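2 protein chains.
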Amino acid sequence: MGERVFINDVGPRDGLQNQAKVLTPEQRVQLISALVDAGLTAIEVGSFVLPSAVPAMAGTDKVIEALPGGIASSQVYYSVLVPNQKGFQLAQSAGVRCVEMVVASTETMNTENIRRTTEQAMAGCEQMIGLSKEGGIDSLACISTAWECPFEGLVDADIVIKMSDQMLNWGATRVVIADTIGAAGPDAVHELMNSLVQRFGAEHLACHFHDTRGMGVANTYAAVSAGIRHFDASVGGLGGCPFAPGATGNVATEDLALMLSQAGYETGIDLKKLVAAADLAGEMTGSPAGGHSSRWLKRQIEKGAL
Amino acid sequence: MGERVFINDVGPRDGLQNQAKVLTPEQRVQLISALVDAGLTAIEVGSFVLPSAVPAMAGTDKVIEALPGGIASSQVYYSVLVPNQKGFQLAQSAGVRCVEMVVASTETMNTENIRRTTEQAMAGCEQMIGLSKEGGIDSLACISTAWECPFEGLVDADIVIKMSDQMLNWGATRVVIADTIGAAGPDAVHELMNSLVQRFGAEHLACHFHDTRGMGVANTYAAVSAGIRHFDASVGGLGGCPFAPGATGNVATEDLALMLSQAGYETGIDLKKLVAAADLAGEMTGSPAGGHSSRWLKRQIEKGAL
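Each protein sequence line maps, in turn, to chains P and Z. If you read the first sequence in my numbering, its first letter stands for residue 1, the second for the next number, and so on. If you read the second sequence in my numbering, its first letter stands for residue 1, the second for the next number, and so on.
Since the hints were made in silico from the structure, they are not lab data. Because the structure is a prediction, the values reported are computed rather than measured. Worth double-checking, as some hints may not be accurate.
Identical chains share a label here; the pair holds if one copy fits it or two copies do between them.
[Said to hold, decoys possible] DMTMM-like mimics (lysine to aspartate or glutamate), calculated; alpha carbons at most 25 Å apart, straight line:
#: 1; residue 1: K298; residue 2: E152
#: 2; residue 1: K272; residue 2: E152
#: 3; residue 1: K273; residue 2: E3
#: 4; residue 1: K272; residue 2: E148
#: 5; residue 1: K303; residue 2: E152
#: 6; residue 1: K303; residue 2: E148
Take the sequences, apply the hints, and build the full model.
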């Protein structure tokens, strides 16, 4: 068995919230079940945000109630995104054992996206990390637009290093370095992740890539080379935004799983079942889902080689 | 200006020969002209093979006669594939200044593909490299299926190292290490290319990737990290085989050019014009052409940001 690399499938959250079609909680559970069946051991299952702001995430409480193995399953590490203290309390009441909170690297992105200054967003993050620790809940602190911001352009590595340092000092279980708009290339990824790994250790870090410029797999490889072993990805590359031409979803879980298994890493994922989960996601959302490797994977399945 | 990375666009040869639709020599020249206009400084423009075997490459002599700047242009490094001595002589008569010859890494692939044993294929290669030197013509010696063979599976690195050594000793200008079936992942690419660079120096090596499993860009990054500065790629990812479901073309030139320019390398390529060339290729072949970054690139063009 090779060294383990952990993939957290964020399709049911980051993927679905960017689809034109809103799925029912039952459909979302069906997709999550397909992912569990495919061997995913970490899944972001929803978020406690205002349903008026993100209709696709309404009913996350119902999703949680119907999760395979239950929200506190020992087989699958379920997490939920929480935007604020209210969301955190809902997650805690629902028995969630891992919450994710997001702060952008730049002032403009925080203001535009969550109507808070970076200072306010960081204060909220500190508070939620504190509440998580008190409640025995894991916390993933995500730094979004960590390489490039759509408003402010390239982001200084020192900002990301400083924010990571603060989040880890407050007690975050892991800091997730996110290329939210899919702007980074593998060179930049290797450089930043290498700096962060040197300072904080790979076990406290994760990466989250989008495939907007087709560099998601290359970026993952660059981060793996820097020592990172935790990645977000989305089944079938689910995501993108049907209203924003050119936007693309998260890097596809199947592309990562294939690349990592070829490199000798153990992901626990059954690629055949994962392709079936991606097909299910495509059917339910009405927009075809699949990574860059899907055509080849399907051919292997047809041939009985997978 | 960043360090130079050289992209040789093989779309007019490796790309077009795998398309269902056969283009006229005039159309092929039109595509090549679009590539020259986009700043490509190396292009594989055709091959001297039997027209009955590869109908798409019939009339390569006519293509050569109409190349922008002429076949011996000092602006663009035009090359031609030659399968044997007969093809070499035709290329030489046509004034070609760089020929490419291919030997597979395995016995079965050589037998199936060119009806020769590896020994015979290597002897032919030695002869053509010798003729090239005599004639003052550059020679690119390509080792196909360098990581994996569809018949024999994974290829031992020692075989590729030994073949490269022989080809360079005979006087090949450069050895092109080719993942012909798009089976390699970035880990394997980095390992082999690192070994080869240590032994022979990066200036004597090139890489040729296919995107079958969606790892072409990651593989290029891995090879760049190992020191490689010469790559084959195909405009719009042209290639694949319409008769072989699941087969995919060369890695797209635009994906490489974008990734490399983001990493600070100089490719000389104008991405806007390259996207236009990919569109032209798609129109002419009747099958949409474009890399993983094309949707994003087109959006940048629409916005006037490129």
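Here is how each hint holds up against the structure:
1. In this homomeric assembly, K298 and E152 come within 25 Å of each other (Cα to Cα) only across copies, at 22 Å, whereas the closest approach inside a single copy is 41 Å.
2. Within a single copy, K272 and E152 get their C-alpha atoms only as close as 41 Å, which misses the 25 Å cut-off; across copies the closest is 24 Å, which meets it.
3. Proximity of K273 to E3 under the C-alpha cut-off of 25 Å is restricted to the intra-copy arrangement: shortest distance 22 Å within a copy versus 44 Å between copies.
4. Taking CA atoms no more than 25 Å apart as the test, K272 paired with E148 passes between copies only; the shortest distance there is 22 Å, against 35 Å inside one copy.
5. When the C-alpha separation of K303 and E152 is checked against a cutoff of 25 Å, the pair qualifies only between copies, where the shortest distance is 17 Å, while the shortest distance within a copy is 49 Å.
6. In the homo-oligomer, the alpha carbons of K303 and E148 lie at most 25 Å apart only across protomers (18 Å), although the nearest pairing inside one protomer, at 42 Å, exceeds that limit.
Of the numbered hints listed earlier, not one is contradicted by the structure.
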